[in-house]
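Work the whole structure out from these sequences, hints included.
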Amino acid sequence: MPIRKKPKPQRLIATLFKWLFFVFSLLLIGLTVACYFFILELSKELPDIGKLEHVQYQMPLSIYTQDNLLIGQYGEKRRVPVTIDQIPHRQIQAFLAAEDERFYSHPGVDYKGLLRAANQLWTTGKKTQGGSTITMQVARNFLLSKEKTFLRKLKEILLAIQIEQRYSKDQILELYLNKIYMGQRAYGLAAAAQTYYGKNLDGLKLYQQAMIAGLPKAPSVYNPIVNAERALERRNYVLRRMLTLNFIQPAEYQQAINTADDSAIQPSAIEFNAPFIAEMARQELVDRYGEDAYTLGLKVYTTVSSALQQASDKAVQNALHEYDDRHSYRGLPHKKYSPGTALHTLKSLGDCRQAVVASVTSAGITTTLADGSSISIPWNNVPWKTLQTRANSAGGIISPAIKPNDIIWIRQLSEQNWVLSQIPAAEGAFAAVNPYNGAILAITGSYDFYLSRFNRATQAKRQPGSGFKPFIYTSALEKGFTPASIINDAPIVIEDPSLENDWRPENYTRKFLGPTALRTALRQSINLVSIRLLQDIGIANAQETAMRFGFSREQLPATLSLALGSGYAPPLRMAAAYAVFANGGYLIKPYLIERIEDHTGATLFKANPESVCRECPDGMQNDSNPAPRVISAQIHFLMNSLLRDVVERGTATLAKQLERSDLAGKTGTTNDQRDAWFNGFTPDIAASAWIGFDNSQSLGKGETGGKAALPMWIAFMKTALKDIPEKPLAVPEGIVQAYINPNDGLLLEPNDKNGMWEYFTAETAPQRYSQPKQPEFEFDEEWLKETLF
1 MPIRKKPKPQ RLIATLFKWL FFVFSLLLIG LTVACYFFIL ELSKELPDIG KLEHVQYQMP
61 LSIYTQDNLL IGQYGEKRRV PVTIDQIPHR QIQAFLAAED ERFYSHPGVD YKGLLRAANQ
121 LWTTGKKTQG GSTITMQVAR NFLLSKEKTF LRKLKEILLA IQIEQRYSKD QILELYLNKI
181 YMGQRAYGLA AAAQTYYGKN LDGLKLYQQA MIAGLPKAPS VYNPIVNAER ALERRNYVLR
241 RMLTLNFIQP AEYQQAINTA DDSAIQPSAI EFNAPFIAEM ARQELVDRYG EDAYTLGLKV
301 YTTVSSALQQ ASDKAVQNAL HEYDDRHSYR GLPHKKYSPG TALHTLKSLG DCRQAVVASV
361 TSAGITTTLA DGSSISIPWN NVPWKTLQTR ANSAGGIISP AIKPNDIIWI RQLSEQNWVL
421 SQIPAAEGAF AAVNPYNGAI LAITGSYDFY LSRFNRATQA KRQPGSGFKP FIYTSALEKG
481 FTPASIINDA PIVIEDPSLE NDWRPENYTR KFLGPTALRT ALRQSINLVS IRLLQDIGIA
541 NAQETAMRFG FSREQLPATL SLALGSGYAP PLRMAAAYAV FANGGYLIKP YLIERIEDHT
601 GATLFKANPE SVCRECPDGM QNDSNPAPRV ISAQIHFLMN SLLRDVVERG TATLAKQLER
661 SDLAGKTGTT NDQRDAWFNG FTPDIAASAW IGFDNSQSLG KGETGGKAAL PMWIAFMKTA
721 LKDIPEKPLA VPEGIVQAYI NPNDGLLLEP NDKNGMWEYF TAETAPQRYS QPKQPEFEFD
781 EEWLKETLF
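Just so you know, we're using the working numbering here: the sequence shown kicks off at 1 and counts up by one.
Heads up, some of the hints might be wrong.
[Unchecked claim] 25 Å max Cα-Cα, derived DSS-like pairs, lysine-lysine:
no., residue 1, residue 2
1, Lys153, Lys112
2, Lys718, Lys314
3, Lys217, Lys77
4, Lys403, Lys347
5, Lys336, Lys347
6, Lys179, Lys205
7, Lys51, Lys179
Simulated from the structure, these hints should not be mistaken for laboratory data.
Here's what the structure looks like:
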């Protein structure tokens with residue numbers, strides 16, 4: 001039997017390697033096939049990269065005045081998209097050095113970077129390098145979720161390859177530079193330049209470009225405002241990389257690396273302070289677009305001009321200070337300033353500034369402001385006598401109220417004139433509209449938005465008081481009354497089952513004039529005439545008339561107190577109602593937003609309000625969206641005549657300082673002086689001014705609409721009417737003039753010196769002559785009171 005030879009070890013090893021190679025090949029082929037099908041299936045789950053062609057960046061909502069000044073910006077993300085050709089080449093090089101030096105040569109995936117990252121993970125067990133290219137970051141930021149898994153990384157790689165096949169390198173880089181988060185709520189390169197340095201891209205220096213390029217890696221860690229040391233290290237790393245890649249010369253590198261960083265929190269981009277207008281517009285945009293309003297990059301242009309808004313704010317502040325100066329000083333005891341405390345903690349509200357008293361002398365008070373500047377206030381600029389100093393027997397100065405280190409409020413009246421002040425306790429509001437289309441010209445809702453954000457100009461439910469009387473008079477004229485109609489101004493008792501006692505209304509003066517013409521009654525704001533007039537025409541008729549002026553039934557109580565303005569309305573509603581008297585008799589609706597543009601500048605909305613044609617004889621011709629006529633031209637003329645008389649000879653004569661003949665309006669004062677109003681107009685502007693306490697306490701004796709609120713209206717109109725010529729009141733057809741006896745409204749011969757000229761509609765003009773005067777009856781007011789009460 002032959003003896004078998006043992007196989008040689010070399011042949012056994014070779015056989016083993018053959019089998020191992022065969023198995024490995026099968027596994028490799030299987031793995032390749034599996035990977036292929038896995039990737040094929042995974043590709044089906046990938047989002048459509050076509051979305052990148054129509055990227056909608058999340059951009060804030062921006063609100064502007066009519067004259068294009070930014071007044072508000074809302075939204076968490078600050079972003080200013082730019083095109084690739086708007087980005088300086090050196091800035092692009094800085095990003096490539098920091099993030100992806102082979103960006104322009106790799107196919108979307110940097111395999112060297114991936115292998116380096118994998119090796120780092122294998123050797124250290126930590127993911128210290130991501131290996132993500134700019135293209136992969138675009139895929140992740142635009143198309144994928146933020147989860148950190150190997151599956152998402154694989155999707156990034158597949159998407160990056162697809163993106164590179166479809167889009168150019170510049171398109172990809174543009175997407176990246178507009179999307180990345182840069183810290184401080186800034187998204188994108190241009191927003192970062194504004195946020196950290198307050199500059200446009202073309203204004204950045206090399207060291208600033210490097211600092212910004214270093215942010216995307218870790219915006220919170222390398223934020224130069226909150227972590228200056230780490231940020232400087234990152235900036236210098238970027239500069240070294242730029243030098244290594246020959247993007248910059250050694251001299252440029254040396255200069256940049258030796259330059260201290262000057263990033264800082266930039267002042268607000270707001271160009272004009274109009275927070276009430278901005279907030280009104282914001283609310284309207286959210287109502288229209290929902291929460292998307294904060295991310296669509298909408299630009300909203302309002303109807304408000306900065307000049308008129310500034311005049312409105314200043315008018316409210318000044319009127320409130322004037323009222324405050326007539327009453328008590330509430331600042332005692334003063335808060336004390338602790339030496340060593342930073343001065344910048346001193347506050348500012350409205351037009352008032354806090355200051356620290358440095359010294360008190362016989363000449364006045366010396367103070368220090370938040371910026372360290374010194375302000376001197378002479379004693380004649382201290383409006384409250386209780387704060388005055390007095391000399392003692394030794395010739396020194398005793399100041400019982402103001403002492404060094406007191407924190408006081410001061411405000412500037414003019415360039416070199418400061419006064420002691422305080423934050424007003426009362427509040428005020430103002431609203432002005434264009435009477436021909438309802439465009440809001442100015443809105444001020446309080447003394448200071450940041451002290452009270454409640455917008456009293458649009459939201460307050462305040463009694464209009466005597467400011468409501470013109471609507472009662474309008475209804476009466478429509479019912480056949482005339483400006484010469486006689487109503488008895490005498491005490492009246494109103495029985496009201498809902499009240500514990502009968503209602504005994506009074507005139508403000510608590511005096512009675514007896515038989516009084518409507519013109520006189522409105523001019524002097526006589527309450528009892530208005531009540532009797534409302535009795536004659538009927539409450540329902542007066543309500544119907546007021547609703548034609550834009551009031552709702554809810555605002556109009558169905559009682560005789562309506563004659564005294566016992567309903568409610570905010571100043572904007574009153575201004576819109578008085579606009580009917582200004583524009584010829586047409587109802588307009590106030591509106592704030594003139595147009596809305598998207599982030600590209602395309603117009604999404606343009607206002608088309610119901611309007612009145614100023615140049616047209618009937619107010620309506622050639623107008624595409626005409627406002628409805630609510631009172632006739634004749635009634636409009638008569639009411640204008642009556643309301644101009646209020647300014648000329650009545651409760652608003654203070655307005656004559658404007659030296660115009662086309663002013664008209666009505667003061668308003670409610671019970672116990674809880675509200676002070678002036679609602680007035682010219683043929684160009686209708687505006688309402690209000691002052692009162694939020695808790696409806698009394699403003700004090702004598703604080704009427706003509707004293708407290710009218711100065712606010714006058715101050716605004718000084719600016720608003722500066723370049724607007726006067727316009728005479730044209731007499732329409734159907735209006736006649738007659739020479740009458742003012743005591744009975746009947747005709748007199750023109751040569752009778754006791755008569756006056758009065759306007760009437762043709763249908764209501766008197767036809768009879770006044771009878772010879774009878775023996776004069778002496779009106780015994782005291783006897784009448786005793787008889788009735």
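Distance restraint between Lys217 and Lys77, which requires alpha-carbon spacing of 25 Å or less: Holds, because 19 Å separates the two Cα atoms, which is no more than 25 Å.
Under the criterion that the straight-line Cα-Cα distance not exceed 25 Å, is the pair Lys153, Lys112 satisfied? holds (16 Å)
Hey, Lys718 versus Lys314, does the alpha-carbon distance stay inside 25 Å? Holds, at about 12 Å.
Can you confirm whether the C-alpha distance between Lys51 and Lys179 stays at or below 25 Å? holds (14 Å)
Does Lys347 sit within 25 Å of Lys403, going by the straight-line distance between their CA atoms? holds (19 Å)
Taking only the CA atoms, is the gap from Lys336 to Lys347 under or equal to 25 Å? holds (14 Å)
Next pair to validate is Lys179 with Lys205; report whether the Cα-Cα distance is within 25 Å. OK: Lys179 and Lys205 at ~22 Å, within 25 Å.
When held up to the earlier numbered hints, the structure conflicts with none and fits them all.
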